[in-house]
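Protein chains in written order, with my numbering: chain C, 1 to 330; chain Y, 1 to 661; chain Z, 1 to 148.
Worth flagging that the hints you see were computed from the coordinates, not collected in a lab. It cannot be assumed that every hint is accurate.
BS3-like mimics (lysine-lysine), calculated; alpha carbons at most 30 Å apart, straight line [stated by the list, open to error]:
#1 K115/C / K159/C
#2 K208/C / K144/Z
#3 K106/Y / K144/Z
#4 K613/Y / K66/C
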Amino acid sequence: MQKLSEMMRARAAELLAQGAVGRVLGWRSGGLGYDPSPAFFHSAEQLPELVYNGFCAANLSKYLIKAGENDGRTLVFLKPCDTYGLNQLLSEHRIDRDKTYLLGVGCGGMLDMEKARGKGIKGVGSLEEAGGAVVFQTLYGEKSCPRSDLLLEKCIACKGGEHMAYDELLGAEETAANTGFDRFAGVNELEDMPAGERFDFWRGQLSKCIRCNACRNVCPACSCNQCVFDNARSGVSAKANADSFEENLFHIIRAYHVAGRCTDCGECSRVCPQGIPLHLLNRKLIKDINAFYGPYQAGADPDSLPPLTDYTKEDVEPGVVTTRGGATGC
Amino acid sequence: MQRIGVFVCWCGSNIAATVDVAAVVEAVRGEPGVVCAADYQYMCSEGGQSAIRKAIEEYGLSGFVVCSCSPRMHEATFRKTAAKAGLNPYMVEIANIREQCSWIHKDRQYATEKAIILTRAAVAKLNLNTPLVAGESDVIKRALVIGGGIAGIQTALDIADAGYEVDIVEKSPTIGGKMAMLDKTFPTLDCAACILTPKMVDAASHDNIKLYTYSEVDEVSGFVGNFTVKIKQKARSVNKDLCTGCGVCAEKCPSKKARSEFDQGLRNRGAIYIPFAQAIPNVPVIDRDACIHFKTGKCGLCAKVCGAGAVDFGQRDEIVTRQYGAIVVATGFRPIALDRLGEYQYAQCADVVTSLEFERLCNAAGPTKGKLVRPSNHEHPKTIVFVQCVGSRDTSGCGKEYCSKICCMYTAKHAMLVREKYPDTQVYVLYIDVRTPGKNFDEFYRRAVEEYGVHYIKGMVGKVAEKNGRLSVQASDLIANTQMTLEADMVVLAAAIEPDPTARSIGTMLTASMDTNDFFTEAHPKLRPVESPTAGVFLSGVCQGPKDIPETVAQAGAAASKVIGLLSKEKLVGNACVAGSGETLCNGCSACENVCPYGAIEYVIREVSDHGKRELRRVAQVNEAICQGCGACTVACPSGAMDLKGFTNLQILAEVDAICR
Amino acid sequence: MPIEREWEPLIVAFCCNWCSYAGADLAGTSRLNYPANVKIIRVPCSCRVNPLFILRAFQRGADGVIMAGCHPGDCHYTSGNYYARRRMTLLFSMLDYMGIESGRTRVEWISAAEGGKFAAVMNEFAGAIHELGENRRLGDIRCKNYQK
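Assemble the whole structure, with the sequences as input and the hints as a guide.
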């Protein structure tokens, strides 16, 4: 991965120098190794801070909306899963393709620092990825852990290593293969519970929500100039959740607004500071859409019509929700 | 803040008997925005409307709520009242406390409570109303009539005589419909062809009428005043412009296996044929499924004997696209299939026929040249039994629940014609009731009984069976209170009539609503019988409900008058309740564009000023002339930029809040 | 209005102007009966019903919400109810997934000629909501005085 980082810096420098791109959108090292953050790099002098390692989970495509306000093209590094979000933004005309230079980079799966902490790895000063393991230099000595033990939830359910959109590829051969994990397993588990237990589960989870809006802000499908929740004339605006209804409302509406457009990038769950498993909500809608209207992956084909702006004459009736069986009752 | 007046109607006792109107008035007086409230006996009357106008002036009202019958009834009336008083007509809301309250609920307390809640909801909505102005659109001065029977022909003639262009699209090779198949018509016993053919000729030769026969409507788009229709002209395989109508091809055609549709399958016809002698246009058509040339590549005799060289085996279906301001549906009817009424043995016995087949047997141009003979052995029938209500008024599920209206009269007609021509033939009519309400109808039926000696027996038929070459009809005689068996040579079944099977697909294409029997629904069963609820679509003839020829012609004229009223307008006032996008909120995502059923939304690049920032943005733009106001775009829009005037998001939320308070 | 009363369900019905609202009118013209708990809101088409309206109704005190539209294929605006069908299916599925009783929401297709069906549906739905009891799971504690 070190080598790939170097290649990326070099290529970015080249394109900047040629004037082919006006700026570079990548990840800037945070100092502790596990905390890189999305950043713009405007000159070759800034590029040494560009880093690419196992903690660069952030999807950079949404920042292209802002970048598009400037002249010239923006170079952006995209992992395979990021390209779905990019395609979704393209099909919704939020990004001008002509103002982007897409550099697809290979990905071996991104890592979850919380998982490391859960294994007792604390006080990390720096880290290094070598072979299939991560070696942490901590206050309490050197600790090592296999990569596979630290994978992010969204990377365990990886959609595969193919970039859906790119101008150039770098290190794509380093991409890990899809592990074959059933990404609907969590959804199925919840569906099998009686309705009362499901209600309690979601109450337990959603009552943790502090309306930090991180999930909304990071989501590539959520790019409205003004969100309904920030618009006083919408009837649902609120800065904080006053009660259980508002806790539910925000997530129901958000999941609904992105239904059929959600690429299952998993960013929402990753960024939630309260650890709410939001992917279990969005994947439920994806599962339903696949079952009712045919398998659909948002962002795979920028020309496809999202399922909620489409129909067939033989669509299932809403009554299927009660008649399809599964656990019901209180 | 609005200044709202609330007017609660008694509707005589229709509302006041169940809803305490005074209590409603008192309960809503204190609602936000309400400055006056009153009740009145008949709000829609001149007295009620002038009371509203007075209140508008006295209280300086900016809008008013009428609590009354359904808005589908009188919303337009009260909009006019508002306009007359100088208010924008869209500053009016109706609370439906009759059809959806007083006529439903029996308990006075519950009904009054609900009426108050519905009124509050209407007030809450009106508080958010803004004046709306309807757009205008052009009217194309041409009408389309779908169906070329007597209904379609009469409608077309009336429209054409008023000076407008009309196209008739008829799916069979000739116009004329079912009336052309009839022998005589009640109650005057006119020869059907004699009164119909002059109209057919008029329609064909009228400068303003264009006939598209052997054609079907393929696709309809657009809206009232501006319909675009694709007509599929099926290939006749004969060139209309060259054909002289000499008929030699039909004579010489060696394939005689097809059954004649015009003669109800009672005789054969050639593969190339003219349906009947007075067909218009008098041009034959090749039934390609029956034609030897099309099936095997051989024969081609008709092309050889045609003096004018009009036969064109290579002719193909053609699509013609035309524009219309109004569309009239006149698709007509057919007798029902009798496969679920096996007790009459229709399929098994050749001598059991339907009334329409009987009509052909009596007709001088029919399969037996007008001689009434038994289909089985061509002998003269000495006893004929007519059975009424075969598949009509049927609650068993095997037929239709409605009365087919024409059968009592045409059976009496058939009975009299038989007795007149063959005085030695005994005629029995088995009936449940005899329904003869029209002008001179009852006198007609009484002639059958009193002058012509037709035996009318009140009772239903249980079974028809073949017995020794004759038919044994088992029936009840309810007046004599006995079971009886009649020995007959022929049994004629007055089969129920149902709408033509193409009606459903036409209804879907026009988005014109139909009932569960596939009859087109009218905008109002009493007050608007010839208009479909879909603007620009009108109804003529049996497609709207069973009726006889006098009624059909009357309705055809009525439909024509509505069309003429529409086409005579210079501009059509459009729909004021259209969608619109707030450019500062619009993301340019195209979700609305994808769902609009009319393609009314396009995207433009526009400079938008938002929070002090000016920038070029891709935003949605609604074409108000095309928008029909369905609101699909408003729900597809995630940011709420797209909203629907007259039914805005905030208005509906206000109604929900008021109801759930 | 009396304060001491046994709980009565509150049902909001969104009806499309061309079919189901006309069907409701026909039920009235035919003098059929259904409970006064049902209050109808007129919309131009079933596709106008935004999930926000349905959630708002539950928030403000409704115990059941039913949406009635034209039969698929007969929509006055050709395809509006097809979109409504998809949206409502996903909304109901999500609410069910979150543990909200699936019987509290329904979609029925009722034509302008089906006054009888309208009354029958409302009677049945009101009965079903009565069985389910007061809506608490999707209610807003600020908006309702819970009776029991």
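Right, here's what the structure says about each hint:
1. K115/C / K159/C: holds (21 Å)
2. K208/C / K144/Z: Satisfied, since the Cα-Cα distance of roughly 24 Å is no more than 30 Å.
3. K106/Y / K144/Z: With a Cα-Cα distance of about 27 Å, the restraint between K106/Y and K144/Z holds, given a limit of 30 Å.
4. K613/Y / K66/C: With a Cα-Cα distance of about 14 Å, the restraint between K613/Y and K66/C holds, given a limit of 30 Å.
When held up to the earlier numbered hints, the structure conflicts with none and fits them all.
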